[in-house]
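Go by the hints and put chain B onto chain A.
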Amino acid sequence: MLELEHAGDGRVIVVGRLDAAEARKAQEFLDGIDNPRELDCARLEYISSAGLGILLRTQKRLMAKGGRLRLVNVSNHIRDVFRYSGFDKIFDIVGVADSGQ
Amino acid sequence: MRAVFKRSLASLEDVFAFTEKFFAGEEVDGKHLYAINLVLEELFSNMVKFNEEGPDTVSVEMLRQNGAVRVQLSDQEPEPFDVTTPRPLDIDAPIERRAESGMGLFLVQKFVDSLDYTYRNGTSTITFVKRLD
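Order-wise, the sequence lines are chains A and B.
Quick note: the first sequence, position 34, residue 34 per the working numbering, numbers continuous.
Quick note: the second sequence, position 32, residue 32 per the working numbering, numbers continuous.
This is chain A alone, in the form it adopts within the complex:
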């Protein structure tokens, strides 16, 4: 189960599991926002390679226009997935611990 919400000013809140079953929904949502700048992952429980592909595609689209997506409130488990896959070199990532929550 995945829910996404555009909270305004390019801030997107993602809730639940970003897995292969939900990847298309996430892609369509993010494609529908002109300039997402920040993905709030505080309530993102899980992400798999399917979700990573969505984030990567979104980042490519934004960078082509001079923008960039930042990932904030990232849990330790998800941060491990980002680190193993080299996403810490592609995204600005702020962990839950870093943001003091």
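Watch out, some of these pointers could steer you wrong.
What the hints assert, rightly or not - For lysine-lysine, the following BS3-like pairs were computed, each having C-alpha atoms within a straight-line distance of at most 30 Å: (1) B/K110 <-> B/K130; (2) B/K110 <-> A/K25; (3) B/K6 <-> B/K21; (4) B/K49 <-> B/K31; (5) B/K130 <-> B/K21; (6) A/K25 <-> B/K31; (7) B/K31 <-> B/K21; (8) B/K110 <-> A/K60; (9) B/K21 <-> B/K110; (10) B/K130 <-> B/K6; (11) B/K110 <-> B/K6; (12) B/K31 <-> B/K110; (13) B/K49 <-> B/K110; (14) A/K89 <-> A/K65; (15) A/K60 <-> A/K25; (16) B/K130 <-> A/K89; (17) B/K130 <-> B/K49; (18) A/K89 <-> A/K60; (19) A/K65 <-> B/K21; (20) B/K6 <-> A/K89; (21) A/K25 <-> A/K89; (22) B/K6 <-> B/K31; (23) B/K21 <-> B/K49; (24) A/K65 <-> A/K25; (25) B/K49 <-> B/K6; (26) B/K130 <-> B/K31; (27) B/K49 <-> A/K89; (28) B/K49 <-> A/K60; (29) B/K21 <-> A/K89; (30) A/K25 <-> B/K21; (31) B/K31 <-> A/K89.
Source of the hints: derived by calculation from the structure; they are not laboratory data.
Same frame as chain A, now just chain B:
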């Protein structure tokens, strides 16, 4: 504990519920749940995507053994697909050279403690082990 799942990405919710039920029944520390679900999803979703013509279901068996969780997936397919073949990923590559697919088996190989593959009589069997220390 064993279950069969319909060959569909929509089954992932049931696959995750199966893992949670196993963890609860075997009193496995929840800190290992993410890794096992991730590996299971990557392997299961490959079977869904790359063996569309296969039987309706995929079998999953989970066992706690010698301080580890051992998971086995079985599927019938016409050709072997060895998931233990190294899947290098250049994580230092600039974003324009990064592909949006092909990260799944790389992550599988990162997260497991052992990974085995056999192909006999048209059946692929994948076994992975995650230590619980």
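So, going through the hints one by one against the coordinates:
1. At most 30 Å may separate the alpha-carbon atoms for a hinted pair to count; B/K110 and B/K130 meet this at roughly 11 Å.
2. Under the criterion of a C-alpha separation no larger than 30 Å, the hint pairing B/K110 with A/K25 is consistent with the structure, at around 27 Å.
3. Restraint check for B/K6 and B/K21: the C-alpha separation of about 18 Å stays at or below 30 Å, so the hint holds.
4. A distance of roughly 29 Å separates the Cα atoms of B/K49 and B/K31; the hinted pair therefore holds under the 30 Å criterion.
5. For the suggested pair B/K130 and B/K21, the alpha carbons sit about 17 Å apart, so the restraint of at most 30 Å is met.
6. This hinted pair checks out: A/K25 and B/K31 have alpha carbons roughly 28 Å apart, not beyond 30 Å.
7. As the CA atoms of B/K31 and B/K21 are separated by approximately 15 Å, the hinted pair is consistent with the 30 Å bound.
8. A threshold of 30 Å between alpha carbons decides the hint, and for B/K110 with A/K60 the separation of about 25 Å falls inside it, so the pair holds.
9. Distance restraint check for B/K21 and B/K110: the Cα-Cα separation of roughly 25 Å lies within the 30 Å cut-off, and the hinted pair is therefore satisfied.
10. Our distance criterion of 30 Å between C-alpha atoms is met by B/K130 and B/K6, whose separation comes to about 25 Å.
11. With a C-alpha separation of about 27 Å, the suggested pairing of B/K110 with B/K6 holds against the 30 Å cut-off.
12. Using a Cα cut-off of 30 Å, the hinted pair B/K31 and B/K110 holds, with the two alpha carbons roughly 16 Å apart.
13. Annotation: proposed proximity of B/K49 to B/K110 holds, straight-line Cα distance about 21 Å (limit 30 Å).
14. For the hint linking A/K89 to A/K65, the alpha-carbon distance of about 19 Å falls within 30 Å, and the restraint holds.
15. Pair hint A/K60 plus A/K25 holds up; C-alpha atoms about 18 Å apart against a cutoff of 30 Å.
16. A hinted pair counts as satisfied when its Cα atoms are at most 30 Å apart, and B/K130 with A/K89 qualifies at roughly 27 Å.
17. A C-alpha spacing of about 25 Å is found between B/K130 and B/K49, which places the hinted pair at or below 30 Å, so the restraint holds.
18. Among the hinted pairs, A/K89 with A/K60 is consistent with the structure: their alpha-carbon atoms are about 13 Å apart, no more than 30 Å.
19. Between the alpha carbons of A/K65 and B/K21 the distance comes to roughly 46 Å, so the proposed pair goes past 30 Å and is violated.
20. For the given pair, B/K6 sits about 37 Å from A/K89 by alpha-carbon distance, which is inconsistent with the 30 Å threshold.
21. At most 30 Å may separate the alpha-carbon atoms for a hinted pair to count; A/K25 and A/K89 meet this at roughly 26 Å.
22. Among the hinted pairs, B/K6 with B/K31 is consistent with the structure: their alpha-carbon atoms are about 27 Å apart, no more than 30 Å.
23. Taken as a hint, the B/K21 and B/K49 pair is honoured in the structure, with Cα atoms around 26 Å apart against an allowance of 30 Å.
24. For the proposed pair A/K65 and A/K25, the alpha carbon gap of about 23 Å is at most 30 Å, so the pair holds.
25. With a C-alpha separation of about 13 Å, the suggested pairing of B/K49 with B/K6 holds against the 30 Å cut-off.
26. At most 30 Å may separate the alpha-carbon atoms for a hinted pair to count; B/K130 and B/K31 meet this at roughly 12 Å.
27. In summary, the hint linking B/K49 to A/K89 is supported, as the alpha carbons are separated by about 29 Å, within the 30 Å threshold.
28. The suggested pairing of B/K49 with A/K60 holds, with an alpha-carbon distance near 25 Å, which does not exceed 30 Å.
29. For the hint pairing B/K21 with A/K89, the CA-to-CA distance comes to about 36 Å; that exceeds 30 Å, so the pair is violated.
30. Restraint check: the Cα-Cα separation between A/K25 and B/K21 comes to about 27 Å, which is no more than 30 Å; the hinted pair holds.
31. Proposed proximity of B/K31 and A/K89 is supported: the alpha carbons are some 26 Å apart, at most 30 Å.
Hint compliance for this structure: hints 19, 20, 29 are not met, and every other hint is.
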